[in-house]
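Turn these sequences into a full structure, and let the hints guide you.
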Amino acid sequence: MLGTRSRLIVALVVVSFGLAACGGGGGGTSATKAASARGPIKIWYSNNAEEVKWGKATVAAWNKDHASEQVTAEEIPAGKSSEEVIGASITAGNTPCLVFNTAPAAVPQFQKQGGLVALDSFSDGASYIQARTGPRADQYKSPDGKFYQMPWKTNPVMIFYNKDVFAKAGLDTKNPPLKTYDEFLASAKTLVAKGGVKAAIWPAPSSEFFQPWFDFYPLFIAQSGGKQLVENGEPQFAGPDGIAVAQFWKQLYDQGLAQRELYNGDAFGDKKAAMAIVGPWAIAVYGDKVKWGVVPVPTKDGKDPGQIQTFSDEKSSAMYSSCKNRSTAWDFLKFATSKDSDGKLLEMTGQMPMRTDVTTAYPAYFTSHPEYTIFAEQAARTVEVPNVPNSVEIWQTFRNAYSQAVIFGKADIQSAFNQAAEKVKTLAARS
Amino acid sequence: MATATQPQPPEVLPERAQPIAPPSRRSRRRLWPLLGLTTGAVVFLFPFYYMVIGALQSEPNSDLSGAFPNPANLTLRNFADIDGAINLARTLLNSGIFTGGALLTTLVLGLLAGYALARLEFRGRGMVFNAMLLILIVPFQLLMIPLYVMIVRGYGLADSYLGMILPFAVNATAVFIFRQFFLQLPKELFESARIDGASELKILTRIAIPLAKPAILTAVIVTFIGPWNEFLWPFLVTKRLDLQPLAVALANFISTVASRQANPFGAILAGAVVLAVPAVVLFLAFQRHFVASNLGSGIKG
Amino acid sequence: MTAIATPATRPPLRRRLLGRQPLGYLFVAPYVVFLAAIFAYPLGFAVYISFHDYFFAAPGAIVERPFVGLQNFTDALADPVFRRAMLNVVVFLIINVPLTVAVGLVLATALNAAIPFRAFFRASYFVPYVTASVAVIGVWLWLFNSDGLVNNLLGPLAPDPSWLVNSFWAMPVIALFATWKQLGFYILLYLAALQNIPKELYEAAEVDGAGPVRRFLAVTVPGVRPTTTLVVIAATITGANFFTEPYLLTGRGGPNGASVSPVLLMYTQGIEQGHAGYAAAIGVLLAIMVMAVSLVNRYLLERS
Numbered sequence: 001m002l003g004t005r006s007r008l009i010v011a012l013v014v015v016s017f018g019l020a021a022c023g024g025g026g027g028g029t030s031a032t033k034a035a036s037a038r039g040p041i042k043i044w045y046s047n048n049a050e051e052v053k054w055g056k057a058t059v060a061a062w063n064k065d066h067a068s069e070q071v072t073a074e075e076i077p078a079g080k081s082s083e084e085v086i087g088a089s090i091t092a093g094n095t096p097c098l099v100f101n102t103a104p105a106a107v108p109q110f111q112k113q114g115g116l117v118a119l120d121s122f123s124d125g126a127s128y129i130q131a132r133t134g135p136r137a138d139q140y141k142s143p144d145g146k147f148y149q150m151p152w153k154t155n156p157v158m159i160f161y162n163k164d165v166f167a168k169a170g171l172d173t174k175n176p177p178l179k180t181y182d183e184f185l186a187s188a189k190t191l192v193a194k195g196g197v198k199a200a201i202w203p204a205p206s207s208e209f210f211q212p213w214f215d216f217y218p219l220f221i222a223q224s225g226g227k228q229l230v231e232n233g234e235p236q237f238a239g240p241d242g243i244a245v246a247q248f249w250k251q252l253y254d255q256g257l258a259q260r261e262l263y264n265g266d267a268f269g270d271k272k273a274a275m276a277i278v279g280p281w282a283i284a285v286y287g288d289k290v291k292w293g294v295v296p297v298p299t300k301d302g303k304d305p306g307q308i309q310t311f312s313d314e315k316s317s318a319m320y321s322s323c324k325n326r327s328t329a330w331d332f333l334k335f336a337t338s339k340d341s342d343g344k345l346l347e348m349t350g351q352m353p354m355r356t357d358v359t360t361a362y363p364a365y366f367t368s369h370p371e372y373t374i375f376a377e378q379a380a381r382t383v384e385v386p387n388v389p390n391s392v393e394i395w396q397t398f399r400n401a402y403s404q405a406v407i408f409g410k411a412d413i414q415s416a417f418n419q420a421a422e423k424v425k426t427l428a429a430r431s
Numbered sequence: 001m002a003t004a005t006q007p008q009p010p011e012v013l014p015e016r017a018q019p020i021a022p023p024s025r026r027s028r029r030r031l032w033p034l035l036g037l038t039t040g041a042v043v044f045l046f047p048f049y050y051m052v053i054g055a056l057q058s059e060p061n062s063d064l065s066g067a068f069p070n071p072a073n074l075t076l077r078n079f080a081d082i083d084g085a086i087n088l089a090r091t092l093l094n095s096g097i098f099t100g101g102a103l104l105t106t107l108v109l110g111l112l113a114g115y116a117l118a119r120l121e122f123r124g125r126g127m128v129f130n131a132m133l134l135i136l137i138v139p140f141q142l143l144m145i146p147l148y149v150m151i152v153r154g155y156g157l158a159d160s161y162l163g164m165i166l167p168f169a170v171n172a173t174a175v176f177i178f179r180q181f182f183l184q185l186p187k188e189l190f191e192s193a194r195i196d197g198a199s200e201l202k203i204l205t206r207i208a209i210p211l212a213k214p215a216i217l218t219a220v221i222v223t224f225i226g227p228w229n230e231f232l233w234p235f236l237v238t239k240r241l242d243l244q245p246l247a248v249a250l251a252n253f254i255s256t257v258a259s260r261q262a263n264p265f266g267a268i269l270a271g272a273v274v275l276a277v278p279a280v281v282l283f284l285a286f287q288r289h290f291v292a293s294n295l296g297s298g299i300k301g
Numbered sequence: 001m002t003a004i005a006t007p008a009t010r011p012p013l014r015r016r017l018l019g020r021q022p023l024g025y026l027f028v029a030p031y032v033v034f035l036a037a038i039f040a041y042p043l044g045f046a047v048y049i050s051f052h053d054y055f056f057a058a059p060g061a062i063v064e065r066p067f068v069g070l071q072n073f074t075d076a077l078a079d080p081v082f083r084r085a086m087l088n089v090v091v092f093l094i095i096n097v098p099l100t101v102a103v104g105l106v107l108a109t110a111l112n113a114a115i116p117f118r119a120f121f122r123a124s125y126f127v128p129y130v131t132a133s134v135a136v137i138g139v140w141l142w143l144f145n146s147d148g149l150v151n152n153l154l155g156p157l158a159p160d161p162s163w164l165v166n167s168f169w170a171m172p173v174i175a176l177f178a179t180w181k182q183l184g185f186y187i188l189l190y191l192a193a194l195q196n197i198p199k200e201l202y203e204a205a206e207v208d209g210a211g212p213v214r215r216f217l218a219v220t221v222p223g224v225r226p227t228t229t230l231v232v233i234a235a236t237i238t239g240a241n242f243f244t245e246p247y248l249l250t251g252r253g254g255p256n257g258a259s260v261s262p263v264l265l266m267y268t269q270g271i272e273q274g275h276a277g278y279a280a281a282i283g284v285l286l287a288i289m290v291m292a293v294s295l296v297n298r299y300l301l302e303r304s
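Residue numbers (our numbering), protein chains in the order written: chain A, 1 to 431; chain B, 1 to 301; chain C, 1 to 304.
A few of these clues could be false.
To be verified - Straight-line C-alpha distance at most 27 Å; calculated DSSO-like pairs for lysine-lysine:
#	chain 1	residue 1	chain 2	residue 2
1	A	250	A	163
2	B	213	C	199
3	A	174	A	53
4	A	334	A	250
5	C	199	B	187
6	A	174	A	300
Calculated from the structure, these hints are not laboratory results.
Please read all numbers here as calculations on a predicted model, not as lab measurements.
Given below as structure tokens:
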């Protein structure tokens with residue numbers, strides 16, 4: 001029943017998409033020429049206040065000595081996650097040379113878009129990265145064996161607890177009973193009953209693909225002794241370790257010790273939750289608001305703290321293909337990750353640079369900030385997200401199954417995880 | 001679209017459409033609607049009221065008592081905080097330029113198009129109208145990335161006001177409103193003017209537009225709200241902080257640095273109040289004009 | 001410019017080809033150029049990529065984007081999340097559209113009368129429309145929290161689990177929120193339309209003995225018919241494209257996907273996960289559905 005006019009419109013649309021098919025091309029930068037070129041470059045860093053301070057200082061120090069290779073720096077435009085901004089920017093071809101806030105989970109996607117430069121293309125690329133970060137660097141290689149990102153800083157995820165609330169509930173504040181799942185659950189019950197908090201711990205129950213990094217994943221890594229979500233193309237989360245972690249969280253939700261509703265703000269900072277599961281960057285936020293202590297994440301039967309591994313919540317720096325002066329960019333990248341700059345990063349932000357020698361290289365800092373030592377030690381035992389194709393979709397698939405089975409209890413954990421594992425396996429195998 | 005015409009007015013100057021009744025019945029009859037209106041107004045206004053109260057409090061209070069704050073707790077510090085975090089003056093200016101540009105182009109091009117679609121007969125008129133409907137139907141998220149690629153890569157308009165304004169240049173709803181309104185005006189108005197030898201442009205500017213005041217004011221408000229509150233598009237197109245409109249700066253603030261403030265909730269609400277005030281003021285200024293225009297005089301004159 | 005004396009025989013060729021006022025082309029040209037330049041290309045492009053395994057790449061990058069025919073569409077129709085999203089749209093529209101039309105017209109009529117503090121009342125209904133979603137959603141989160149104001153008022157009648165984490169209630173709460181937020185716009189449209197109803201019609205009806213309700217139904221409702229069509233279509237379109245509410249209010253379509261919307265899906269699939277082709281297919285399917293619903297609405301409303 002389409003009239004003449006409607007048919008004409010459909011025709012218009014069809015014609016225009018024919019024309020559109022011709023679009024989408026455009027010249028890129030000649031890679032070989034750019035690799036050795038030098039000149040001014042642009043970089044982005046995150047908009048975390050302390051990192052901005054570090055960024056400005058580092059850029060100023062470089063610019064002082066490099067008059068012809070000036071660096072202009074901007075804060076990355078913010079959003080719920082930076083992937084959309086960088087992805088859109090890659091498509092438009094206006095990414096800066098370096099972005100000091102590239103999430104490892106997004107690297108496979110940016111690589112697929114042709115947006116990243118392999119750092120191995122520089123003569124000392126791979127060797128520099130491996131010398132600085134040590135054996136952990138291998139987790140950041142892409143499936144083709146090259147480095148499309150430089151691991152920069154880590155925020156090992158641990159359990160923060162509110163000492164005042166623990167004291168009020170009658171729990172030990174120096175060595176709180178949070179080692180095994182049973183201990184943790186019992187403490188949680190006491191905290192909600194007597195500590196005056198609405199939740200013992202309040203990870204966000206929303207469905208973003210990155211939320212598992214702050215509830216399921218750190219505990220899974222600890223429990224399984226360092227497994228990633230997917231290893232060698234095989235999903236690992238549906239095995240006994242993954243199920244144990246899921247059941248632990250399910251009990252917290254079922255008993256009302258973790259909330260199923262989003263909290264509008266920071267629950268730990270606002271004293272609505274007794275604990276938080278987060279990394280050392282949060283210290284600057286909590287500051288004097290909360291008297292906090294830190295312990296490693298729990299495992300089912302308890303482990304020696306020196307053995308517990310956790311999620312790294314790492315951020316990398318990457319070089320983007322729109323960069324014209326790559327030699328300068330590489331030199332600046334090395335400058336920003338030198339022992340000096342890393343030291344400044346540690347001092348200004350409290351986040352751990354991905355160096356093998358963090359604890360030994362900066363003794364003065366750790367003497368004056370003993371509360372950070374535990375993070376530095378933990379930083380040596382962190383595990384990253386798997387560098388596989390379709391990584392964002394894999395995490396979303398997992399999150400949907402976790403949300404259904406664990407948070408809202410609408411499905412059986414084992415079957416939901418099995419189903420998700422099948423899908424994840426196909427996704428990881430696709431290119 | 002709707003071709004049913006309005007009921008034709010008799011040869012009397014119509015005044016405000018107002019039922020007449022004897023005075024005592026009038027005031028009694030008004031009581032019930034007034035009560036209903038007040039209840040409704042309270043319900044509608046409460047979140048906004050809560051927002052304003054929250055913006056004026058120095059400590060966030062999420063209990064029920066927070067709705068009736070202790071006067072000692074009131075402060076303007078949140079406004080100072082948000083101004084320190086995001087430059088209110090600069091972002092307001094950017095919002096103004098963005099919205100003003102869209103308003104200007106919508107009014108000029110939209111009035112022309114709306115009039116043509118309603119009162120000028122030309123072949124293909126229906127097709128243009130259906131194309132406009134199609135545009136209204138398609139969600140922005142579908143077009144967003146190709147649009148972004150086209151404007152930033154193709155036209156090279158990243159980090160510019162023009163790049164921000166372009167997708168909003170002619171608000172389809174406004175054109176719709178103009179067309180509907182011109183359709184409601186009696187046909188004789190235009191026929192008689194044409195017989196008198198007036199050019200279409202003159203008809204448009206001397207006759208149609210002055211009668212269209214309510215429609216224009218409505219369209220101004222509608223066209224204002226879009227770009228003023230728009231977050232996603234300017235966020236994509238501008239990376240430079242000094243070009244960002246207030247809605248974008250506020251959203252960035254919420255998702256990142258808010259937690260560093262002493263009273264983050266209060267600062268956010270303060271920013272939201274600043275964002276909302278110009279729109280409310282605009283509405284208050286315009287709604288006074290929502291009284292009927294003198295339709296009859298156009299025919300007689 | 002205009003033909004003053006038309007010939008009694010066949011109209012001239014120019015008029016037959018172009019219509020009575022070809023100046024219309026000139027008036028409408030800038031808008032058409034705008035539509036073509038800003039919307040035709042992205043729309044065409046979006047339809048194009050829905051037939052491919054497409055993702056956006058850096059300029060100059062050489063990537064494979066195979067043609068996959070209707071596969072994106074069949075995948076979407078088979079995806080339970082997509083189907084839930086479409087169901088959510090239907091629930092949303094069923095609640096939102098009739099409520100908007102009825103409450104909007106009644107309120108506009110009330111606000112058109114010479115009541116005291118009219119400006120204040122008009123402003124209070126308009127204010128939610130004007131405030132940015134981001135800010136006002138925080139207040140709603142607080143209101144509908146499990147120990148928020150609404151549950152405190154309802155006492156034992158409060159649903160368990162609470163509103164926003166309840167698979168049954170999440171969508172109605174979103175529909176209610178959206179109706180509340182958008183109503184100001186529709187009241188505005190109706191207010192403008194009410195100015196055109198001549199007083200005489202009300203007077204005539206009153207002379208015939210009609211009470212206020214009867215006058216409303218017999219004079220006001222038919223009198224604003226074109227605007228009602230506009231309101232229904234606009235509400236349908238805006239409703240089908242709802243995105244901010246699941247994005248901000250229910251934590252990305254919670255609980256457990258009960259409030260997922262097609263546009264939210266397009267966002268997560270297209271922009272976060274990089275499956276632009278699949279997202280475009282969802283968008284096309286949604287647009288087709290909205291067009292169908294709008295056509296049905298228009299047909300129903302314009303039968304006079």
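For a quick check of understanding: which of the numbered hints are violated here, in increasing order? 3 and 4
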